[in-house]
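Residue numbers (the working numbering), protein chains in the order written: chain V, 31 to 247; chain L, 31 to 247; chain D, 31 to 247; chain W, 31 to 247; chain X, 31 to 247; chain F, 31 to 247; chain B, 31 to 247; chain A, 31 to 247.
Derived by calculation from the structure, the hints in this document are not laboratory data.
Since we're looking at a predicted model, the values are computed, not measured.
Think of the CB as a built atom: it goes at the ideal place given N, C-alpha and C, for glycine as much as any other residue.
Among the hints, erroneous ones may be present.
[What the hints assert, rightly or not] One side of the interface only, derived from the structure: several residues of chain V facing chain L at Cβ under 10 Å:
1) G38
2) A102
3) P106
4) A110
5) I150
6) A158
7) I189
8) Q212
9) S213
10) V220
11) F226
12) G229
13) V239
14) E241
15) A242
Protein chains: 8
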Amino acid sequence: HRRGIPEGILAEGKTPEEVRDLAEAAVETTGRALVTRADETHRETVESTFTPTAATVSVDDRAGTITVTSEAFEEPSLAAAVCIITGGTSDYPVAGEAGAVVEAVGADCTVIQDIGVANIDRLFDQLAEIRAADVVIAVAGREAALPTVVAGQVDGPVIGVPVSTGYGHGGDGEAALGGLLQSCTALSVVNVDAGFTAGVQAALIARAVDEAAESRK
Amino acid sequence: HRRGIPEGILAEGKTPEEVRDLAEAAVETTGRALVTRADETHRETVESTFTPTAATVSVDDRAGTITVTSEAFEEPSLAAAVCIITGGTSDYPVAGEAGAVVEAVGADCTVIQDIGVANIDRLFDQLAEIRAADVVIAVAGREAALPTVVAGQVDGPVIGVPVSTGYGHGGDGEAALGGLLQSCTALSVVNVDAGFTAGVQAALIARAVDEAAESRK
Amino acid sequence: HRRGIPEGILAEGKTPEEVRDLAEAAVETTGRALVTRADETHRETVESTFTPTAATVSVDDRAGTITVTSEAFEEPSLAAAVCIITGGTSDYPVAGEAGAVVEAVGADCTVIQDIGVANIDRLFDQLAEIRAADVVIAVAGREAALPTVVAGQVDGPVIGVPVSTGYGHGGDGEAALGGLLQSCTALSVVNVDAGFTAGVQAALIARAVDEAAESRK
Amino acid sequence: HRRGIPEGILAEGKTPEEVRDLAEAAVETTGRALVTRADETHRETVESTFTPTAATVSVDDRAGTITVTSEAFEEPSLAAAVCIITGGTSDYPVAGEAGAVVEAVGADCTVIQDIGVANIDRLFDQLAEIRAADVVIAVAGREAALPTVVAGQVDGPVIGVPVSTGYGHGGDGEAALGGLLQSCTALSVVNVDAGFTAGVQAALIARAVDEAAESRK
Amino acid sequence: HRRGIPEGILAEGKTPEEVRDLAEAAVETTGRALVTRADETHRETVESTFTPTAATVSVDDRAGTITVTSEAFEEPSLAAAVCIITGGTSDYPVAGEAGAVVEAVGADCTVIQDIGVANIDRLFDQLAEIRAADVVIAVAGREAALPTVVAGQVDGPVIGVPVSTGYGHGGDGEAALGGLLQSCTALSVVNVDAGFTAGVQAALIARAVDEAAESRK
Amino acid sequence: HRRGIPEGILAEGKTPEEVRDLAEAAVETTGRALVTRADETHRETVESTFTPTAATVSVDDRAGTITVTSEAFEEPSLAAAVCIITGGTSDYPVAGEAGAVVEAVGADCTVIQDIGVANIDRLFDQLAEIRAADVVIAVAGREAALPTVVAGQVDGPVIGVPVSTGYGHGGDGEAALGGLLQSCTALSVVNVDAGFTAGVQAALIARAVDEAAESRK
Amino acid sequence: HRRGIPEGILAEGKTPEEVRDLAEAAVETTGRALVTRADETHRETVESTFTPTAATVSVDDRAGTITVTSEAFEEPSLAAAVCIITGGTSDYPVAGEAGAVVEAVGADCTVIQDIGVANIDRLFDQLAEIRAADVVIAVAGREAALPTVVAGQVDGPVIGVPVSTGYGHGGDGEAALGGLLQSCTALSVVNVDAGFTAGVQAALIARAVDEAAESRK
Amino acid sequence: HRRGIPEGILAEGKTPEEVRDLAEAAVETTGRALVTRADETHRETVESTFTPTAATVSVDDRAGTITVTSEAFEEPSLAAAVCIITGGTSDYPVAGEAGAVVEAVGADCTVIQDIGVANIDRLFDQLAEIRAADVVIAVAGREAALPTVVAGQVDGPVIGVPVSTGYGHGGDGEAALGGLLQSCTALSVVNVDAGFTAGVQAALIARAVDEAAESRK
Ligand SMILES: Nc1ncnc2c1ncn2[C@@H]1O[C@H](COP(=O)(O)O)[C@@H](O)[C@H]1O
Ligand SMILES: Nc1ncnc2c1ncn2[C@@H]1O[C@H](COP(=O)(O)O)[C@@H](O)[C@H]1O
Ligand SMILES: Nc1ncnc2c1ncn2[C@@H]1O[C@H](COP(=O)(O)O)[C@@H](O)[C@H]1O
Ligand SMILES: Nc1ncnc2c1ncn2[C@@H]1O[C@H](COP(=O)(O)O)[C@@H](O)[C@H]1O
Ligand SMILES: [Mg+2]
Ligand SMILES: [Mg+2]
Ligand SMILES: [Mg+2]
Ligand SMILES: [Mg+2]
Ligand SMILES: [Mg+2]
Ligand SMILES: [Mg+2]
Ligand SMILES: [Mg+2]
Ligand SMILES: [Mg+2]
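Excised from the complex, chain V in its bound form (with noise of 0.2 Å):
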């Protein structure tokens, strides 16, 4: 509802039809819809809804999201970047969904993947790309390191994403999530998987940073 971040519609535990009539109610009052953790059934139901004349519908299979746009909206964007960074490919569904929320708001969005602690040379070589950015989303299971890490390094504020990519004590994001709630270098949270929160809370910077440099201009 706010200017300018998409109503965010979560799939899971709904059926296409209710996640279809939500959709369509969004898009009619907003201009767009973005559906979240949507499995096949979700897609295919929304793919049928929408005529290409009247929205885009662009899908992120792996990240499980559905963006609509109708025709009519007009793209926001923002002065401001955000950049996203991952610890490893199975990191990339929650990565994708923060991903999805960051463009729609219109900020410079960069998807770092790959980079965790095991082989730190691969983050020190990208340590002044994700220095420019406004924000960062930093995502990663088992122990989660990164975020830590990379908020040591940066100047910036750096929000931590938890995965449950793991097995064993720990293993369902619970591991990661405490890690980050005891780091060291101070980060912000979300809960475990949620990248569209840690999606939501890095546009609400970006748009309080884009408009600190409007209303200075």
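With the hints as your guide, set chains L, D, W, X, F, B and A with the ligands onto chain V.
Just chains L, D, W, X, F, B and A with the ligands, lined up with the frame of chain V:
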């Protein structure tokens, strides 16, 4: 170590002498020190260490913070506003810890207390002031409904801080933490009682806002 | 077994035949039966068991309830009103289960959906109707702020029902349960997804209210 | 704040002066104050604050409650009865806290102690008296079987209060809480040791009962 | 391996072939085998393995047990009685598993079902029969009040078995386990759903009773 | 209350006066009293209450028990033997509490200490003595491997008692409790540090053994 | 990446194609690949990828491992011995995963199965062989007493691996993990079911042993 | 008891006299004793027990260790190096406890403090020294990212030790423990604050390394 953000020295679990040594080192190298979770013995030792001609020592008893600033230190100033709100009076120590960081970076800092949802009118009375901030820190214990409700009313980023002032199941801050992580309005979160971390995160956002304004002037 | 409160038959974990036998016995001895958490196989078996001339079978698919009432059964009626409110559409099954009990005892039953605190205006729009009830059942998942906020606005007893519709830390209803137990406004609580229990508790209060009126007439 | 329900002031974690100030404010605005979880220092300060000519201070040492009533205050009276039962003597403080609220609203309040299920005959001896109440508060620690057994024997609503008087696994009240939430007889529940909350909930039901009688007279 | 106690073969997590091999080995070396938690595939394979002339295979579908006894095996008989009681019908599988062990050692075995505390009269009706046993196994899910109540009524040892048939907080048997460990009447306890372990423990007590009688004859 | 089993009075959380009153009542009605978890203040008060001519008071400081026996009381004697074993010296208080019950019922009671599995030879040296008992109580902290190993070596029932003497993850007795519940040799279990409960359960078995012998003489 | 230790590719949660690509890359850059937690679809795709002339693919179905070795790869050989022991047959998959790593580094690898403490003689029969190893990996589920007992009998380092093959409280490997962390004999531990991690740790120790021998020759 | 590894005596929970007796026995039978978690009262009693002519007593106040060595004892010496690293100063007590064991077995022992990942340059500055060791003990609290990062940089085995120096969710060492068990670089782990266990495990590896060198000389 970062430009403008003071080094935090966690007094809890350290002797007064250890805290004093760390504070002296910080003042020498960075011009100031911020001690958190200090008790009376820490305060006495730190206060008697710094001569009034060389440094200013300011203490917040309820928040457990000690801020030491050398004469030579040039106070920073950021063109950004942070609003810290609390549900009840027992949330003050955590809010005060956050406030010490926000003030140290030179952001505008407003503290609004006792606006928990039990008497929701008090919250609505303050909404205009809260909305005026670039970033909100919402501090709350027990069920911590306040940050969730506020995040639905303001357009900027909200950082939720769970507080450990309840009793019974979840009274150690776990109920508040769980509620903030599950918030149906998008929040980012820090650990239970982690006013310092929330303050740093808000300060980093304030700096990003300030920099945006600067770089486009 | 108690006057007016239907015997609940939990279908989950039982075969259709077991559920049918229990339902037949309940109808025979008490005039009706209330099956909860029924799936399609339970429904089919129960529906084909009772002939329309002997009993009415009414089904709520989304709530998973089946109510069987023998022709001979004299519907009770209580001079008391229960209002059931929900935070979002995924809370409906639990609310519906509670409603089935409340209706079975003959209390006035109003259901108001989708008034979660993210859009708090919708809640305030309904306050007059909610306040008119003798007892409120507030059903909510995720952080479950709704029951806390409502209990601060109404003068009667509120029963909070946590729902298991989240994901990540506390998403199985534990965050909602913890929040309700810690509520800074006084609530009583039932277990996660326990619509039936909430319904019975509200029904018992409704009956006490009704009896008070009766006995003093 | 609500008609008849006293404002609760949780003394735990507050200084005697803070409690005194809150109590004075409550007496001034509402005619009385109910302090809970008060220790000796709170009691001394509160008792020496109110002059006997202006207010009555009544203290329950074991329950940790202090009730202050101004001379001008008109004691309410409700045509409704609450029965508070306990499993053992160590449950008294929690029961007493509940009782202070129930008495403050002017409901009939009976307390029956030491009727835990280990000697179930004592419970059955008291059943007639328990059944006479409009609402029952059942307070129990350890495995908390008492509320479950009682709810199967009475026709009115039962509120279960788990108590933290055990040791070992679940001895902090978690076993009692879990058992009450899983009760095979329908209960509503409050948090561990939350006598105040149970008292308020019972008081709200008592008021609903009283109002029903009134409005139909 | 011990005199009279059959070797238990846990089928869960094993292929039918693995179970068959273990059963054949057990029958060969000890004259019989007791398979627990068997599904249909295990049953079919085991049943088709043993020819009726060489061994008797008896199956309890609801309990998931398969008992194989070679023709040559001499059934033991103990002068001791075990009574197994359950709270509700969904406790049967666990009770049946316990019963299979008790019968295998040749103790007297009585099973009394559906005497949970919700309808406490049914329990009191059976007390004489329960008291006649040398040892009682009390099987119960949800809040598991039954073993606590029974242990207060009988003079012999009671073994409590928590069952995982609830839902919500503690519904996986943890509430029942916690309640049994905290029981205010003295019980010993086995793990959630561990009918086999309870059966062995009761069998060992039965054997001790039998031996005492023998050795003093 | 049962024949031969002394009433346990848990001193923890009670004042010396409350304990004294309960002890006097127990001695008067049953001829004796067993106080557990008593500290020095409880001991002093109880010792000074009973005059040596009227009752014997025997105290076990390390176990925290006080046994009071009136002159008139006829000590029971059971033809059954209980063996209590411990892993290390810090398990003594729990073992001693169990022993006080076993001795009070008049069973043969042997205590064998410090035979934890770290030095497994000490355990095997004592096996003959352990096997001679009708029932074994095995008390162990940390990982509690002792009861599991012993239950594989003896033919009678073994009751495992977890002890809270560790530190770190599971050091509060939870690791020991979990291990005993999962034991691959069949054990029954009591709560963490619940020496009293283990003693009662062993005493009930001892009595069943004794009665069997009696009734068949 | 390190000399001799194969890169592990966790198949769980990856598509067959993703696993194949990672395996091809690993074989190309390091001469081999070790896939863990592979199911049938992973196996089929990997097996059909590598032509027998270019690489050897060896599969362990029960352990879920696939080892691919290019023709050109020169098998390492370490002068060090690892012994892997298990409590029961259901521990094999975890032991096999560990073994695949140990064999890949060229250490001597002995696997001894089914020597759990229920039948402790089998364990003592194998002690000489276990003691001959430089490092022991002890794999056990349920209460996991085996690693504790073995660490008291051998002079080298023991790595304990908890396994998730139980049911009820702690049956997901948490009881085993807690027991290993609390072991009264000194162990180091890896996560539940983490055969791969245990294998790598043992391999690193084996290499240190081998290097010590080399460097002093 | 094993060759070279001193017997550890845990002082916590023991009286000074008990510790003294155990220490005397250990010195008499093995030539030395290592007391851990000792407070001032333990230290005073132990120090006054051993006369300087008969034994050397060396104390580490911060680590809480006391090492007693008889004159006759021949100090062992191992050709192997252990490096102990810590994240921050509050980790020292745990590191010192580990160091006491490593030094007692005569291995080379280096301690490098305060190289937590917040300032990762300090860690990289020390890498050459860390890599020179045969085995690394990495001690860290809060999120414990240090062991994970280090294990990715060195070729030998790393033992991670979680420390309980945080606050809030996971601050009792559980977040650190969870992170180490989930580490994406292979670690073995000991319990929270278990410096002694880590020291023994490193000592056993050091001895295996030393023996390998010896046996091939
Ligand atoms: N109250 C606090 N809560 C959380 N972190 C803190 C706090 N105060 C200081 N810190 C952080 O802890 C680090 C210092 O830890 P230490 O070396 O133990 O003094 C600083 O770099 C801060 O980032
Ligand atoms: N013993 C108690 N347990 C739970 N809630 C309480 C208790 N005493 C007072 N309260 C509630 O806590 C609120 C006051 O909290 P506070 O502002 O911290 O004094 C009151 O409005 C009461 O609803
Ligand atoms: N150490 C103990 N652990 C567990 N239960 C105990 C203990 N001592 C006494 N009890 C039990 O607690 C009951 C007494 O509780 P109370 O009424 O609080 O004194 C007795 O009937 C005993 O069954
Ligand atoms: N079964 C396993 N358990 C734990 N870690 C594993 C396992 N198999 C592979 N790994 C580790 O996981 C990393 C691969 O993770 P990924 O990038 O998700 O394939 C490897 O570098 C290994 O260190
Ligand atoms: Mg940073
Ligand atoms: Mg907002
Ligand atoms: Mg209200
Ligand atoms: Mg009832
Ligand atoms: Mg009994
Ligand atoms: Mg045995
Ligand atoms: Mg060993
Ligand atoms: Mg490494």
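Exercise for review: Find the hints from earlier in the document that the structure breaks and name them by number, from lowest to highest.
Suggested key: Hints 2, 3, 5 and 6 not satisfied by this model.
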